[in-house]
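Number of protein chains: 2
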Amino acid sequence: MSIDKFFNPKSVAIIGASNNSAKVGYAVLNNIIQGGYNGKIYPINPKATEILGKKAYPSVEDVPDNIDLAVIIIPAKFVPNVMEQCGRKKITAVIVISAGFKEIGVEGAELEKKLVSICKEYGIRMLGPNVLGLTSYGSKTLLNATFAPRAPLKGSIAFISQSGAMLTSILDWSLQEGIGFSKFISLGNKADLTSVDFVEALSKDPETKVILLYLENIVNGEKFLDVAESSEKPIVILKSGTSSAGAKAASSHTGALAGADIAYEMAFKQTGVIRADDMQSLFDYAIALSNQPIPNGKGVAIITNAGGPGIICTDAVEKNDLRVAGFLPETINKLRGVLPAAAAVLNPVDVLGDADSDRYEIALKTCLEDEHVHMAIILMSPQAMTEFVETSNKVVKIAPNFKDKPIVTAYMGGKSVEEGAEILSKANIPCYDFPERGVRALKGLSLYSDFQDELKAKEPPAEFDSIDRAKVDRIFKSVRDDNRLVLLEPEAVNIASAYGIPVPKVLLTTSADEAVSVADKFGYPVVMKICSPQILHKSDIGGVVIRIKNAQEVRNTYKTIMNIVTRAMPTAQIYGIEVQEMVDIPNFKEIIIGMNRDPQFGPLIMTGLGGIYVNFLQDVAFRLNHKGLSKKEAFKMVSETKVYSLLKGARGEPPSDIDSLVDVICRVGRLCKDYPIINELDVNPLFVFEKGKKSVALDVKITLSIGDEQK
Amino acid sequence: MSIDKFFNPKSVAIIGASNNSAKVGYAVLNNIIQGGYNGKIYPINPKATEILGKKAYPSVEDVPDNIDLAVIIIPAKFVPNVMEQCGRKKITAVIVISAGFKEIGVEGAELEKKLVSICKEYGIRMLGPNVLGLTSYGSKTLLNATFAPRAPLKGSIAFISQSGAMLTSILDWSLQEGIGFSKFISLGNKADLTSVDFVEALSKDPETKVILLYLENIVNGEKFLDVAESSEKPIVILKSGTSSAGAKAASSHTGALAGADIAYEMAFKQTGVIRADDMQSLFDYAIALSNQPIPNGKGVAIITNAGGPGIICTDAVEKNDLRVAGFLPETINKLRGVLPAAAAVLNPVDVLGDADSDRYEIALKTCLEDEHVHMAIILMSPQAMTEFVETSNKVVKIAPNFKDKPIVTAYMGGKSVEEGAEILSKANIPCYDFPERGVRALKGLSLYSDFQDELKAKEPPAEFDSIDRAKVDRIFKSVRDDNRLVLLEPEAVNIASAYGIPVPKVLLTTSADEAVSVADKFGYPVVMKICSPQILHKSDIGGVVIRIKNAQEVRNTYKTIMNIVTRAMPTAQIYGIEVQEMVDIPNFKEIIIGMNRDPQFGPLIMTGLGGIYVNFLQDVAFRLNHKGLSKKEAFKMVSETKVYSLLKGARGEPPSDIDSLVDVICRVGRLCKDYPIINELDVNPLFVFEKGKKSVALDVKITLSIGDEQK
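Those protein sequence lines, which keep their order, are chains W and A. Under our numbering, the first residue of the first sequence carries the number 59, and numbering increases by one thereafter. Under our numbering, the first residue of the second sequence carries the number 59, and numbering increases by one thereafter.
Think of the hints as simulated: they come from the structure by calculation, not from any bench. Heads up, some of the hints might be wrong.
You can't tell identical chains apart in this list, so a pair holds if it fits in one copy or across any two.
[Claimed, not checked] Cut-off 30 Å, straight-line C-alpha distance, at most; resulting in silico cross-link-like pairs (DSBU-like, lysine-lysine):
#1 K473 with K81
#2 K579 with K563
#3 K160 with K392
#4 K596 with K749
#5 K452 with K81
#6 K596 with K706
#7 K749 with K98
#8 K81 with K700
#9 K749 with K178
#10 K473 with K484
#11 K473 with K212
#12 K535 with K98
#13 K607 with K423
#14 K112 with K452
#15 K281 with K178
#16 K377 with K700
#17 K694 with K377
#18 K98 with K63
#19 K105 with K267
#20 K327 with K377
#21 K356 with K516
Please construct the entire structure, taking both the sequences and the accompanying hints into account.
Structure (structure tokens):
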């Protein structure tokens, strides 16, 4: 079954329909009838034979025909029973408006679980419980199955809200603003269907041009990433609860640096979702995206009848990462020819305070003909000669001639501008009260355009030969057999090495003879370190010696370390002494690569300035990694950090081996994707040497999650 | 004379008054009459005997009485002549509405200069030219001396705008929104009176509660700082043109890191000016500041009838640096007693979807009685039982009982909320459409409260004994005599030293013998450096040798450097070789202290992470320094940088000598204040050692401005 039964049902049963106008069951049936629904309507109520002029049935099972959609508005405790009736009747789409489930506590949660298991048993998809309902407008259907006191206007915006109150507020407000909807969906408790299911369906809905969501959380994050990325429609989300997660316990650098909101931020950024900061921008974006074309660049033409608003608009254009277009010489010449001498013909174009509609018309047309101009904003302030109505009419006439160049307007004033603004709105040209909102709308269009470009240029995740999974499997098995969650350094290093991450050669030795033979093999100098699960701060107790130059020194050091350590920590379990190749290449940059597993969205990869000050300087970039990172994406991460300017080679220093850094980032991503058991991982520092000289992970820390799931 | 003649004139002459309703001179006179001005009105027009029922005079000199204010609306070329008439008539306040001055080019600029010199000659203060006019409402005066088609409403907001179009737009908009003004002032070309003069006067104006400005620039920056800081009223500014300055040529790190806007940002921050990001927030702040009390803390109580808006509001509270108040136990108990069981009694308080006005009333009252609550926001979404009107009435009744606790509201909806919102607005309780705007208004109140606290706790600039100005004067004189703008290193170091900034000992020597005797005096090891105004990158050509251990090495090094340099740069003018004490103390942090002179606001001091990567990591804080920095303020600068967490002693490292750093910042500030001739200064790096071990400036660069002004 598909969500289409919710959007375009041929027949609807209203279970709990009522003749009592104070009841929700009356409101829903009445809204369906008044809304002009053209399918079959079956009120279900065992105590009535007719409701609002429609024949009523005691139960859905008594209805002689097929039923596509059932809407349930009866006390919570009776819902499971009628759900089973729906199941037997082969109804696959049910909206449970009734409240009294998870939101009221333990007892309600139990009842809600029962609904979910009935859904599973009968193959029912359920919206709710505890919802305002659903409105679906389209060429085939006019269904207003909510108990809201008024119906939304018809339009091309689909609005999905996790908060019912937000829907009633927006509904009330939208009627005044003249904003119309294709779908109006209340998510309620999301016991079965979630925002992700609806986004997936709306992406293909011919009635919908833009998908708007108000969300407090996303429960199936990895599916969301897939659905959002492949959506054929722009998605705009207001995600609240950014501050609530608060102090999240985290032992890795990545965890400490990733705020509560960073996974959502990346989820939206990586899938091209436009994030709104507040309710107003949610709709400012939506109106532009549903009515205006997507621009092919970032060049904005500003046409104004006063200097001040032009300057404010210029600021807003730059703040929003758009560009005040540089005009072609012929544009400037033409403007000079048609505008008065005192007019400003560079961008912003100031048509002067006494500009009539003709002057606006010729200026707009001339600007839009310039190939450097990808979109336009028209600013008008009420001055003596200002013709709001006539100018609006001319803008409406010009717009269709420039099919890929969006136009927005900001009419600054009150009564004087109203009539003109209405003409524009009716012609689907957004009109805002202040320039900043108009520019924000253009930014929304530009963000969507950027994402479309990125999607086209997207590369597949990096692929690697010669990954030694068997080795990694063995190490994880031994760690789990040991009942540990924190890996020892040689274990972590060996896992990194199995994934092709360059590490210094290291071997655990259990005698001085063995240490000498390993050191001989590695070549001198070497580093020697005590290895014990109890000793975390090895240097502090003299458990690390560097720059050991020959076999004799190795032999002596082995004894010295053992003596010191057994005296300092007599109860520690000593695994032996690691002999490690000494990395002694000059000119490196210290970089961190980390991973923190987000409960919703999976592995969150971080990179940036590493070393001991990583938490203080916080110069890092993040990416979600649910499909593995491409080299291109990993490079983008690097280029988002400030340390990138050093890696490129600043102040006459040679450039660093960024290719090698990018490679390690991708390998870390692959490792964390392959092994969901890895909870946190830090490579810090990764020494990145001069270009061509590779990099090496000096320290690798891995901790496992308590659960044991492994792909 | 004072600005009061503009605000409360007892008589007004309208020079260029006209009986022709198409003329600006008609509009101004008509506005003055229609506005209810109760002083004497003298139309001046040589061709009329009566205009709009008032006796007209050929010239101001023909008026038999005193004239307090003249408004000039005649063609530009005739303005100087009538200005002189005004001067002779002892009129000290003149508004020149006429355009055709600086804004039209060179010729107009000349004419404008003539006006300014007439002003000086006769002691006239002039508003304009090229203005919309001025409106002044108060208990003594109702003067609407503009040519705008409509009059603003009376209220307590003073609005000053550098853009006339912005005024006409805001005027039109304000009539619809019901926003009233005490003063409405168009600044025009600012040939004489500027925003600073009006802010100074409005600070004492009994009719004004808040001062609003739209500005594109500030011309007399240092006076602005004094006036803004001592203002008795909150000041809110929308400053546009933040992006326009673009790439400013700068040779110092401070100049490169200080964006075009940073001086304005600091000017506002340091003087308690609230900066608005856009027109909407300008007025959101203004309405709250003009109507609501200033809170004594940051605790916000949120009262809502739905969860979603409560979460959005919580996010906004945290984003705006306010705090969701933690209630006292008795508050929670009381709320639990009076609200239904399902209500949320922690903050946000959710009074539930079926809440009537009584429930809002008791919740609001209970919250405001809590000493942890310093302000409240009421959120309402239209649900079945929601009583907008009755709730508004109750809020209006409660508010006066909590005289120091501001209340704002967000009524989310359209038609449903209108009547309720109007009741609130009439009672001066701000009502917004979305929660975010309400929280922003609370933030404005809180920012003003913070600034009042800061002002009380402000400390005087640091004072220093034993500054050797004579030495500095001598060095600058010799540099100027030498026709240089860039100081040699020993000169810069000696200036720093004269101001008590710790520097390594350094002396210029002109022979190997002299070098040895200096090195013997300093103690070994020493550093030796070539000294030549032509050699900027000394190390690159072998002109610097460090760690010289004894007299023989000094003697050899002297010869070696001289040989190398004369071969490498045979035409360079060699002053000799500097012998410098070698700083060899372990454990230091590299810090930068810099100064870049802002053309408007004077010395802009910077500090932060120093060393060779300063431009890449950009971890710096700024302050304007027109009066000298206090130690407290300098410490605050340090604490705003990320490197502060390292200076405090991170990861077991000993803390650094922050006192010494603060001292050097203040000394740099004092030096730059004492010597306006210093254009740019960088101390980089300053080595800051462990606590108690002081700091030392390893490198000091000073450049002078071309001008020769010196206090």
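Original post:
For the identical chains here, do K473 and K212 meet the 30 Å Cα criterion within one copy, between copies, both, or neither?
Top reply: both (27 Å within a copy, 18 Å between copies)
**OP:** Please work out whether the CA atoms of K473 and K81 approach to 30 Å or closer within one copy, between two copies, in both situations, or in neither?
**Re:** Close across copies (23 Å), not inside one copy (41 Å); limit 30 Å.
**OP:** Since the copies are identical, ignore which copy is meant and state whether K377 and K700 lie within 30 Å (CA to CA) inside a copy, between copies, both or neither.
**Re:** This pair counts as both: shortest intra-copy Cα distance 20 Å, inter-copy 25 Å.
**OP:** Could you place K105 and K267 in one of the four classes (within, between, both, neither) given a Cα distance threshold of 30 Å?
**Re:** neither (43 Å within a copy, 65 Å between copies)
Original post:
Is it within, between, both or neither when you check K749 against K98 at 30 Å Cα-Cα?
Top reply: So K749 and K98 fail the 30 Å test inside a copy (72 Å) and across (83 Å) alike.
**OP:** Using 30 Å as the alpha carbon limit, work out where K327 and K377 are close: within a copy, between copies, both or neither.
**Re:** both (18 Å within a copy, 20 Å between copies)
Original post:
How do K596 and K706 come out at 30 Å by Cα distance, when the copy is not named: within, between, both, or neither?
Top reply: between (35 Å within a copy, 25 Å between copies)
Original post:
Is it within a copy, between copies, both, or neither that the alpha carbon of K694 lies no farther than 30 Å from that of K377?
Top reply: both (21 Å within a copy, 28 Å between copies)
Original post:
For the identical chains here, do K81 and K700 meet the 30 Å Cα criterion within one copy, between copies, both, or neither?
Top reply: neither (61 Å within a copy, 59 Å between copies)
Subject >> Copy assignment of K356 with K516, given that the CA separation must stay at most 30 Å >> reply: For K356 and K516, only the intra-copy Cα distance (20 Å) is at most 30 Å; the inter-copy one is 46 Å.
Subject >> 30 Å Cα threshold - placement of K452 relative to K112 >> reply: neither (50 Å within a copy, 44 Å between copies)
Original post:
With identical chains treated as interchangeable, where does the CA-CA distance between K535 and K98 reach 30 Å or less: within a copy, between copies, both, or neither?
Top reply: neither (61 Å within a copy, 98 Å between copies)
This entry does not satisfy hints 7, 8, 9, 12, 13, 14, 19, going by the numbered hints stated previously.
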